[in-house]
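Novice: Okay, here's what each chain looks like letter by letter:
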Amino acid sequence: MSDARDAGYDDFLDAVEAGEPYYLESPSGNGWLPPREVDPETGERELVEKDLPETGEILTYTITNVAGPSFADDTPYVVAVAEFGPVNVTGQVRGVDHDEVDIGDEVALGVGRNETEDERVVVFEPV
Amino acid sequence: MSVPIAGVGMTPFGKHGELTARQLFAEAALEAFEDAGIGPNDVDEVFYGNFMGEFAEQQGHSGPLAADMAGVTAPSTRIESACASSGAAVRFGVNRVRSGEVDVALVGGAERMTNISTAEGTAALAAAADALWEIKQGITFPGAYSLMAQRYFHEHGGGREDLAAIAVKNHQNAVENDLAQFQRAIDVDDVLEAPTVCSPFGLYDCSPMSDGASAALLVSEEFAEEHGLDPEVAITGTGQSSDRLALADRVSMTSTPAAERAGEAAFSEAGIEPEDVDVAEVHDCFTIAEVLALEALGFYEQGEAISAARNGETTIDGDLPVNLSGGLKAKGHPVGATGGAQISEMTKLLRGDHVNSDAVADAEVGITHNAGGTVASCVVNVLEVVS
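Listed in order, the protein sequences are those of chains A and B. For the first sequence, position 95 (counting from the first letter as 1) is numbered 95 according to my numbering, and the numbering increases by one without interruption. For the second sequence, position 367 (counting from the first letter as 1) is numbered 367 according to my numbering, and the numbering increases by one without interruption.
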């Protein structure tokens, strides 16, 4: 992996680490994770940063046992999609036994590192 | 407008050792020429599906290469839509013939996957997902579909036993199919007791890594008449649609709107309804994918296809036999070849020269459903007996 930053994505992770996570909202009220130049639902281009709710709810999850080389040393790990107000976020659930993770669990957003490559990942931790 | 299928070809799917994708495609294309009774010089344009050539063979720009290997000098373009690459290639060919600018299109695709490790293949397949919001979080391809399955169980019920019935059905369908990677029957216990890949999926919920190629020759009705061809099967409707790449960006993780739209468009062009379909080949890259496909295409209401295989409704003697080829699950899934292979297998099923044709001897309408990613791409084609 190169050290180059990915605009929008790395900015979002920086904001989470700073305790100021945000999403992009269009005039119609639709929420999106960055980067977005346009609300794909409405075509609106006036997207503004809004505070992301501090806690979210797990919508679905999976325990991954077989991974690609970038996560080979991380297995098993739990990937989940969690709903934070108007946006859904994908990340890894940590700080709880894998068998305990369930749909509906309340989680907080954070940033961690993967073991294999020390790259940043979105992390969900139980509230 | 109806586009006749003059000929089809397909390599066996499985492990081909040192054979490169280019050789595999040549083999499939040459079989299609023989089947059609025309030659490489008759081809006006080539659309070649391939997804992971850069990962597996350090080979991009494979359109001209594939055509050259098949002895074709006509313009050739590689089509990449993840696992829907050759379904999309077929659709490009259909529309070029319909436009009147092309009389003969060679379509299909190839993929070489078993020359790299499972970990490398897993990473290559994951590239069909959103690089920032999914891959960087450790999502694998089985993982993405596992997220859909887990949510499906939560919203609609059902469980691993229901999915296992799909794997059992598709393996059973492949037993006599010499082109299939796994000509081996399995039972529900085999599925449930297999090692877990990504919960809730065990090994048998997942299609394998495969090498293979597929090809079809699409011709204009005028060309067929002038050259004394008498194709028995034609593509009478085609539809394609897209969705957001990341699952999390979608309104629902338990439905596949791209497949719904592609199906509606294809059915509308063909002038058919779901109840007119006699036999279906759908994109069962994972067991849950067959469920989502059957619901998206209107064969079942949402939440109801989960028990279709278990109830015998989609088995070989059911009301709507699904994946008589063995599907991706048992026939194999060389991703860039899969959409074209569905066309090849369905053509034979309808013509009567497939090993499972007798099960659908009166079938006149078949559909193919080919999906890319977690159905951010979908191509549906309607095939009908025309002579």
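If you are wondering where the hints come from, they were derived from the structure by calculation, not from laboratory data. Among these hints, one or two may not hold up.
Calculated from the model, a selection of chain A residues having no Cβ within reach of chain B, i.e. all distances over 12 Å [to be verified]:
1. 10
2. 19
3. 25
4. 67
5. 72
Chain A regions said to be covered by chain B (calculated; three or more residues, Cβ under 8 Å) [stated by the list, open to error]:
6. 45-56
7. 77-87
8. 90-104
9. 118-127
Small disclaimer: the values here were computed from a predicted structure and weren't measured. Here a beta-carbon is modelled for each residue, glycine too, at the ideal position from N, C-alpha and C.
Novice: Can you name, in rising order, the numbers of the hints this structure does not satisfy?
Specialist: 1, 4, 5, 6
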